[in-house]
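There are 4 protein chains.
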Amino acid sequence: MGIDATNANSVVSYEADQKYGTEYHKRFENWLRDFQENDRSACCAQTDVKGNRPWRPHEQLDPDLYVHRVETLSDGIVIRGAKVHNSYAPVVEWIPVIPTRRLVEGEGDWAVSCVVPSDAEGVKLIVSATQISTHKNLGAPGPYGGADSLTVFDNVFVPWEHVFLNGEYELGGRLALLFALYHRHSYTGCKPAMTDVLMGASALMAECNGIEGKSHVGDKLAEMICTAELCYGTGIAAGINGEKSASGTYIPDIVYCNVSRRHAGINIYHEFDILADIAGGMPATLPREGDWENEETRPYLEKYMMRNPKVPVEDQHRAFRWVQDISCSDMAGVTQYAGVHGGGSPRMEQIAILGSYNMEKVKNIAKRLAGIPIKEKYSCDRLGTIPKL
Amino acid sequence: MGIDATNANSVVSYEADQKYGTEYHKRFENWLRDFQENDRSACCAQTDVKGNRPWRPHEQLDPDLYVHRVETLSDGIVIRGAKVHNSYAPVVEWIPVIPTRRLVEGEGDWAVSCVVPSDAEGVKLIVSATQISTHKNLGAPGPYGGADSLTVFDNVFVPWEHVFLNGEYELGGRLALLFALYHRHSYTGCKPAMTDVLMGASALMAECNGIEGKSHVGDKLAEMICTAELCYGTGIAAGINGEKSASGTYIPDIVYCNVSRRHAGINIYHEFDILADIAGGMPATLPREGDWENEETRPYLEKYMMRNPKVPVEDQHRAFRWVQDISCSDMAGVTQYAGVHGGGSPRMEQIAILGSYNMEKVKNIAKRLAGIPIKEKYSCDRLGTIPKL
Amino acid sequence: MGIDATNANSVVSYEADQKYGTEYHKRFENWLRDFQENDRSACCAQTDVKGNRPWRPHEQLDPDLYVHRVETLSDGIVIRGAKVHNSYAPVVEWIPVIPTRRLVEGEGDWAVSCVVPSDAEGVKLIVSATQISTHKNLGAPGPYGGADSLTVFDNVFVPWEHVFLNGEYELGGRLALLFALYHRHSYTGCKPAMTDVLMGASALMAECNGIEGKSHVGDKLAEMICTAELCYGTGIAAGINGEKSASGTYIPDIVYCNVSRRHAGINIYHEFDILADIAGGMPATLPREGDWENEETRPYLEKYMMRNPKVPVEDQHRAFRWVQDISCSDMAGVTQYAGVHGGGSPRMEQIAILGSYNMEKVKNIAKRLAGIPIKEKYSCDRLGTIPKL
Amino acid sequence: MGIDATNANSVVSYEADQKYGTEYHKRFENWLRDFQENDRSACCAQTDVKGNRPWRPHEQLDPDLYVHRVETLSDGIVIRGAKVHNSYAPVVEWIPVIPTRRLVEGEGDWAVSCVVPSDAEGVKLIVSATQISTHKNLGAPGPYGGADSLTVFDNVFVPWEHVFLNGEYELGGRLALLFALYHRHSYTGCKPAMTDVLMGASALMAECNGIEGKSHVGDKLAEMICTAELCYGTGIAAGINGEKSASGTYIPDIVYCNVSRRHAGINIYHEFDILADIAGGMPATLPREGDWENEETRPYLEKYMMRNPKVPVEDQHRAFRWVQDISCSDMAGVTQYAGVHGGGSPRMEQIAILGSYNMEKVKNIAKRLAGIPIKEKYSCDRLGTIPKL
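Chains as they are written, first to last, in this note's numbering: chain D, 1 to 389; chain Y, 1001 to 1389; chain V, 2001 to 2389; chain E, 3001 to 3389.
No wet-lab data here; the hints were simulated from the structure. Any given hint could turn out to be false.
Below are the EDC-like pairs computed for lysine to aspartate or glutamate, each with C-alpha atoms no more than 16 angstroms apart in a straight line [to be verified]: (1) Y:LYS1220 <-> E:ASP3219; (2) Y:LYS1026 <-> Y:ASP1039; (3) V:LYS2303 <-> E:ASP3154; (4) D:LYS124 <-> Y:GLU1295; (5) Y:LYS1375 <-> V:ASP2315; (6) V:LYS2310 <-> V:ASP2219; (7) Y:LYS1124 <-> Y:GLU1093; (8) D:LYS361 <-> E:GLU3207; (9) D:LYS124 <-> Y:ASP1291; (10) D:LYS214 <-> V:ASP2219; (11) V:LYS2124 <-> E:ASP3291; (12) Y:LYS1124 <-> D:GLU161; (13) Y:LYS1124 <-> D:GLU295; (14) D:LYS26 <-> D:GLU161; (15) Y:LYS1361 <-> V:GLU2207; (16) Y:LYS1310 <-> D:ASP62; (17) D:LYS124 <-> Y:GLU1296; (18) Y:LYS1303 <-> D:GLU295; (19) E:LYS3220 <-> Y:ASP1315; (20) E:LYS3303 <-> V:ASP2154.
Between the sequences and the hints, there should be enough to build the whole structure, so can you do that?
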């Protein structure tokens, strides 16, 4: 998320300077130089807690439900509020803070972009960590997992040099959307990789069960390949069709990014379904690791877990244990939710797609074929139907 | 599962007596009388560990990979092998043991039906238990959970009075299928109840998020209602169209039972998907319960978790905590796997459906309309197209 | 549709008499007696042309866009307007006319129920007929097809004896909904029969192509069986759970009727998809019948159309010709549209389902499990969650 | 199809020359030069009639069921057999003839590639033409339609200069697969265009019905956009990741081409479903054009077809008439079948995908995470997982 926030800041800080004569981009470049030269790490704090969903930031009972500027000092600003779902915030050095939605006139206080050290005064990380437990004696890599924080900004001071937007509400909204766009483009790579893990797990289960050549197994693996490659391929198209912004940073194609991310999001649970389907019930009821180490029970397990005779029984245990880890655990649930909502849920992508697609042009194709007069000149320039951000 | 095994035994033990002059049904009724009068409890041990899937019982490298009779004594038989996925075996008094598949000639040793006390000598329960942790201070009921065992029968002696089938291979297969049929009929009630829980959770999340009236929320809740009621309604039809067996026990309609169970099985992951979709990401990254009890962090959580102002913030916490429990936990994974495989996976139901449906009759409708001569007399008796077991 | 309108009239005319002291039911019974004794036929004119969809009847620019009472005379009333999609109107003796939607106060003129002879003065049938052409020399039954009319009521006089509702707006809405309910219950039988035809066609195509035993063919036929039997089974449950109305006529369960009809509606195009998938491209590009009769081309067709050697080539021709008739023709399109919209589109059923389902009760299950206090007494009476109409 | 056959011939004729010292490529280039300089047109005859599907070419009862070489003369060869589904054959000058499947040793007679003038002696086109009828007086463009032929090659002589492969069975199979690959790449452009037409029609119907802003309409249009853009975007990726063959002609990426074509194929019926859903039933029962021209009925139609008051009633008629033409006609069925099978059905793409995907590499990711030893060196080079043809 750090790279996506940084890309978005690079574009919007430049545009702000062009429009308002500010010096955000220079500040940004100074910060970026240090970031790159010293190999810093960053996450991104975008998603506000948002209070009552149907209300705008300025309509909430408590204005802090969206992070906002509460004071302007001679040497900087003070911000307050809280952001959620901040993956990896506990292990990074910098937290870029950006708006989470379009803003309207009068919401300038919420149009703030800045970078904050993760140990700055007033920053409170209330962390929820998830870890896949390792097999103690079975040689799997790990432990690994993740950590998300509810990041509270309790009157945090930000010096001018770290402020990249400060009240320009229309650019605040643009920054929010651009971050989402870059983030969804990143997902066109990371989501197919997640599918690869689940697909590999499914293929491994088929091998353990001795059903690799079965027709229905092939059907299901093919579905997973298609999900991964449609997303990844469309991500390539998003890059190829990207456009150079005034700042020099490229912006990927909005429609391709969003159709790819949406497709991944609507398939994640189905991928776990396929894994369970091919695995059979064993990952759900597998005897505990301790029973494998207990000299009374281990012989029974070795005798009765034997399946495909080409796979050593200990490897079968490793395989089912790991599939249990990734599909029957709190980490499994977190992966499923992240697959739906990380980077914006399918519904958010739908909004982005409908908002940027030139439906009038497509409707004009229909009108022409139906013999209905159309006012604007008919054009069959297909790529032109996709307006840029 | 105990009731389903008992129903199946009641039918098949009677048929065996009719065919072979045995006295299985009398034994069964004696056992059942004690069972009912003393309010005993039972599970069912059906699913063998099965070794290499493409091989039959007698083809396995180790004959114990399917439970079988290893010795016949004057006062009973000795069985050996192991059954998996035995839900609730650790908390019942009786374990009925029945075959898991159709059997062929020469597989009489595997055609054994009997009931075994769960603490009989040689019975080893290697248990995998799953528990939903309770909120310590938030008043949710619990803890609750489940337990499945790998049940090893290590040369277990079964006296004649508890043996209800002993070598009749073709009735062994029929018993396996009848148990599955009764079990799937039970699922036409229990699966919709699971949907009710997930549907209620989804509706609760919509209330917390203040999006109850949104069109897409209605779409998703309607999908859940349809899944529940198609399964439940078809289960009613299975009962209404049941047939009385020679023993007096009714057998539900095979096609309706199987289409209902299959429909539930192919929808379970999608139901979790809908819950995640409506809930948003909060169940995945919710701060831990300890943070709510910590006086330093609790005020932040109360301030920033405020959503729909009509729902008290503590109830919001309860709601998201519980949804986390049921969707981001090992229990969630177990529920998902059970939803796919419990009672037989969708593929098993497909086999049962294709095996019992009168496709020739349907094809004859087509032939008649196409003007193709058909040999058998054409009949439009629709219900007659569904052959009974 | 005639039976469904008649059922609805029998219930509502009685209720009106109970509530308002009218004599609609007696008139209805007199008409029904003649109808039954003389074996009359009827369709139903329900769907108004409706003008601009978002507007109510009384808001339309032209009040005639919903059929309504324009004058009350001493011996009856005069109605005006037009109904669409009136299947079989051209071949019936009676056209029952009923409202198409809920009505509000002030819309009494639109709350009219009556029966009109199809050749009454002022009735204009503008008919769109669809016919499946027969093979001239290949022995298929037919021709058969259907006919729908736009039925214009151009100041049609209806004598009192044929008026079964006349201004009672709240009962007008109930009549509209009850007709839809009966009609959807009828669909729980007729839609599965349509699936039988498509399923039989698919099985026949598999036989012609010699791929009957292929795994993917079994998968697809199983899908069709499941669609048919879920709909039909749930229809049985709708009957079993029906309730006797005050008039003595039974009313089927609203939730079961609607989930069944919706399930059929969302699957119809997919069923044609399966047929095309199994058939291959031949039904689309099959040489014309004349080429089979032409002595120059017939030998080529006989030689090159040979497929499964067990199926005579002429039967192969008959089979592909008929599948072309039902899947590549105007009748195919009409069948597809009827499958979606006949009896109310899936969206209409969703509205009916959400409107009658007790979601609060299901939400209370969730609240109880989450430890959230609930006001009303908790009940687990599942069937009670489905309110009657 | 002509361009796809030509691309495939350009690659394979070159490879044959390299391997066997033949001069196919020179002949091909000579033919191509004339083709380009004189702006000729071509289709492609690939799909053999194939007889009994489970049998290979040399196993058929009649060897002519796959087109093959029956005689070799001093100045060329003679071929016999028939090809089906040859779109546009009746209106082109050249018919390239290529094999339809992999071939095995001993099937050299079927490994023939050549180009044949469409009026060559012995070529018989048995044509099935489909035409969308025009509105006579309503100004729609047309008539337009298509024509497919069963193309019989009844001992057709082909001179050497037009023979580009002649017995090299393994290259015959490669030619078949390469044509399919190019053709599927073409479909990544043509199928989204078909979706554009159906999407435009759906948007037009929403406008006529006055429901453009409804949430469920947006959901459905978004689905269509996603189908179109996932296919088109992945087609771009297929081009970008193409590889230059020895002949200089580029070959698109096999996995991207196939996942794109498959995705289009499994969605075509659903797209018609969406159109019907949004249109309502009117396209199915619309009064005939003659009723619009009849002075007695036209006033009724004008009065009662009024919907969205912003759309002139005549344009409404044009719109519904055209949607009837494209969705309730033989052309609609042909479009649906072509959407499933044109370029190879989804099942054929699945075979191509599973055959070319490096599943072992993906399984090794799983093994590594599960702690299972793997033999080959682990690599995370993702693009490398997609083997080239």
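Mind checking the alpha carbons of LYS26 (chain D) and GLU161 (chain D) for me, to see if they're no more than 16 angstroms apart? Satisfied, since the Cα-Cα distance of roughly 9 angstroms is no more than 16 angstroms.
With a cut-off of 16 angstroms on the C-alpha distance, tell me whether LYS3303 (chain E) and ASP2154 (chain V) pass. Measuring from Cα to Cα gives roughly 12 angstroms; hence the hint holds.
Holds or violated: LYS124 (chain D) to GLU1296 (chain Y), with C-alpha atoms at most 16 angstroms apart: Holds. LYS124 (chain D) to GLU1296 (chain Y) sits at ~10 angstroms (cutoff 16 angstroms).
Between LYS1026 (chain Y) and ASP1039 (chain Y), does the CA-CA distance stay at or below 16 angstroms? 20 angstroms, violated
Hint check: LYS1310 (chain Y) vs ASP62 (chain D), CA-CA at most 16 angstroms. Holds or violated? Answer holds: LYS1310 (chain Y) to ASP62 (chain D) is near 15 angstroms, not above 16 angstroms.
Is the hinted pair LYS1124 (chain Y) and GLU295 (chain D) satisfied, with a Cα-Cα distance of at most 16 angstroms? 14 angstroms, holds
Measure nothing beyond the straight line between the CA atoms of LYS1220 (chain Y) and ASP3219 (chain E); if it is 16 angstroms or shorter, mark the hint as holding. 13 angstroms, holds
Is the straight-line distance between the alpha-carbon of LYS1303 (chain Y) and that of GLU295 (chain D) 16 angstroms or less? 53 angstroms, violated
Hinted pair LYS214 (chain D) and ASP2219 (chain V), Cα distance within 16 angstroms: Within the cut-off at roughly 13 angstroms; holds.
Within a Cα-Cα threshold of 16 angstroms, do LYS2310 (chain V) and ASP2219 (chain V) meet the stated pairing? 23 angstroms, violated
For LYS124 (chain D) and GLU1295 (chain Y), compute the direct alpha-carbon distance and say whether it is at most 16 angstroms. Distance ~14 angstroms between LYS124 (chain D) and GLU1295 (chain Y) Cα, so the pair holds.
Pair hint outcome, LYS2303 (chain V) versus ASP3154 (chain E) [Cα-Cα no greater than 16 angstroms]: Cα-Cα ~12 angstroms, so holds.
Consistency with the previously given hints fails for numbers 2, 6, 12, 18 and 19, ordered from lowest to highest.
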